[in-house]
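Chains as they are written, first to last, in our numbering: chain X, 1 to 276; chain S, 1001 to 1334.
No lab work stands behind these hints: they were computed from the structure. None of these values were measured; they are calculated from a predicted model. Quick reminder that beta carbons are idealized off the backbone N, C-alpha and C, glycines included. Any given hint might turn out to be false.
What the hints assert, rightly or not - Partial selection, computed: residues in chain S whose CB lies under 8 Å from chain X:
(1) PHE1013
(2) ALA1050
(3) MET1102
(4) GLY1269
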Amino acid sequence: MARAITTQRKIINTTAAWTIGLLIFFPILWTILTSFKTEAQAISDPPVFLAFDWTLENYGVVLERSNYGRFLWNSIIIAGGSTILGILIAVPAAWSMAFVPSKRTKDILLWMLSTKMLPAVGVLYPIYLLFIKLGILDTRTGLVIVIMLMNLPIIVWMLYTYFKEIPGEILEAARMDGATLKEEVLHILTPMAIPGIASTLLLNFILAWNEAFWTLNLTAAKAAPLTAFIASYSSPEGLFYAKLSAASTMAIAPILVLGWFSQKQLVSGLTFGAVK
Amino acid sequence: MGHITLSQVTKSFGDVNVIPPLDLEINEGEFVVFVGPSGCGKSTLLRLIAGLEDVTSGHIAIDGQDATEVPPAKRGLAMVFQSYALYPHMTVRKNIAFPLRMAKLDQAVQDKKVEDAARVLNLTDYLDRRPGQLSGGQRQRVAIGRAIVREPAAFLFDEPLSNLDAALRVNMRLEISELHKQLDTTMIYVTHDQVEAMTMADKIVVLRAGNIEQVGSPLELYRRPQNKFVAGFIGSPKMNFLTGATAAAYDAQTIGIRPEHLEVSRDSGDWKGVVGVSEHLGSDTFFHVPVPDSDDPLTVRASGEVDLKRGEEIFLTPIQEHLHRFDAQGLAIR
Chain X
1 MARAITTQRK
11 IINTTAAWTI
21 GLLIFFPILW
31 TILTSFKTEA
41 QAISDPPVFL
51 AFDWTLENYG
61 VVLERSNYGR
71 FLWNSIIIAG
81 GSTILGILIA
91 VPAAWSMAFV
101 PSKRTKDILL
111 WMLSTKMLPA
121 VGVLYPIYLL
131 FIKLGILDTR
141 TGLVIVIMLM
151 NLPIIVWMLY
161 TYFKEIPGEI
171 LEAARMDGAT
181 LKEEVLHILT
191 PMAIPGIAST
201 LLLNFILAWN
211 EAFWTLNLTA
221 AKAAPLTAFI
231 ASYSSPEGLF
241 YAKLSAASTM
251 AIAPILVLGW
261 FSQKQLVSGL
271 TFGAVK
Chain S
1001 MGHITLSQVT
1011 KSFGDVNVIP
1021 PLDLEINEGE
1031 FVVFVGPSGC
1041 GKSTLLRLIA
1051 GLEDVTSGHI
1061 AIDGQDATEV
1071 PPAKRGLAMV
1081 FQSYALYPHM
1091 TVRKNIAFPL
1101 RMAKLDQAVQ
1111 DKKVEDAARV
1121 LNLTDYLDRR
1131 PGQLSGGQRQ
1141 RVAIGRAIVR
1151 EPAAFLFDEP
1161 LSNLDAALRV
1171 NMRLEISELH
1181 KQLDTTMIYV
1191 THDQVEAMTM
1201 ADKIVVLRAG
1211 NIEQVGSPLE
1221 LYRRPQNKFV
1231 AGFIGSPKMN
1241 FLTGATAAAY
1251 DAQTIGIRPE
1261 HLEVSRDSGD
1271 WKGVVGVSEH
1281 LGSDTFFHVP
1291 VPDSDDPLTV
1301 RASGEVDLKR
1311 GEEIFLTPIQ
1321 EHLHRFDAQG
1331 LAIR
């Protein structure tokens, strides 16, 4: 009896989970499918799901028309650079807030997070002017800096939560054992926080990869990453859904693969500390 | 090595003064126990000596050198924490070797010292395990091993046995005492357990609200407590206190008598009472006897052979030379 109920519940839960999962994934699936259609089939009404003439033509056109490799390389540099730079800044910041908190630590954390509540467009103008002044408009350096700054609050928050889980006594023991601050961070804190740091790295790489507002507004030709590559196919010269989809698929493929292989790390990282 | 002097040490956290000006002398090779109820500042005091907290004012000297501003690692002290504080990502071997690695000793010297410590602590078979694969007692030994290899001027123990079960605690108590005899190094040990204090210490420091209530050998504290607090804190079961007319008869505000210093008789004696709850431990029996001038029933320790029924009327007589008298401030009257 009890077993029947559990089996039944399992089926319901599984079905529900798959339904929600497919619902969320559907737009991505549709994009991928559309990328294999002809332009006519892409806008046909009623839409065709699988019964169309599969073609790789769109990919051919896209690869011919734009330099995918350059966009990809820019994306890797910008996402990777901003993530690494962010971690380097965030580890000491999170360390100090987690282990030597002051009366205002909570306020600082909240204040840092509150910058994420501001719509990015609100600071577009000043940042644009700054970029012109500094001569870093349409450079990878400029984007690495601005995207790092945008994600820094999240990196600090995530690391802070992980560090908080590490008992202070262990760090004190290291101090008693003669470790300098550098050795303490290097030999004790970092190895213990590796799972947390890895999840933070991953999540921020993904966030930076998908970032579109700043990358579209602050780049033109030289530093444009994959987001700009996609955008270039939603051009005023007319809508080419199939080609746009092919570009999108090519842009999200690397991050999709990365996410697939690291999903275990991501899930455990994001639920870290929730269950003790 | 291992002479520690605290002079006029104070510690405040914000507006809260945890340690009022305090002086203490810890001699070379002594086993000193800081004991007191929770929140009495005993752990804070230990952390001040370790250097994990900064003193607000006053001075700490280790072997004649002013160590007040010296960082923890440079004080030559080793600490064993309540939670053991082992490094979870390192094997036992690496845990024990960590202080040696930080001191940049030769690998060969490190290995030798780790092997030696492991042998002393019966950890040789566990050197390649991680802390997570060890029992509580083994973890405790690793923590001690990590302290031993440094050959410190003094060992600091912060309630090291409170996470162990009762049987293991007794074992570890003996092991630590044995270690002290072997190494002959100063040890400072913090506990709230007066049994640990009595059994292990050369010198007990009883603390209350950051103040030192009394310093002395276990038996000094047991026999001649300077005040009511120490009298009540040291000894198990705790001392009985009587006030009112009973105390006035002895020219005191309060009198105290330990359970083992009361004579029981069915026929005659100083104080009359009726037997309440009895606790039979086999070797001893503790009777709880309500009497008029005491808030709590008097605890009486009798031989396990004595058989008194609940409700039975008995007489209690304090052994005069073991009776403690206290004035209105709670200080002992001698």
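Consistency of the hints with the structure:
1. Look at S:PHE1013: its Cβ only gets to about 12 Å from chain X, farther than 8 Å, so that hint breaks.
2. Restraint check, S:ALA1050 versus chain X: the minimum CB separation of about 6 Å is within 8 Å; hint holds.
3. Taken as an interface hint, S:MET1102 checks out: its beta carbon lies about 4 Å from the nearest beta carbon of chain X, inside 8 Å.
4. At a threshold of 8 Å, the smallest CB-CB gap from S:GLY1269 to chain X is about 53 Å, leaving the interface hint violated.
In summary, the structure is inconsistent with hints 1, 4 from the numbered list given earlier, while agreeing with the others.
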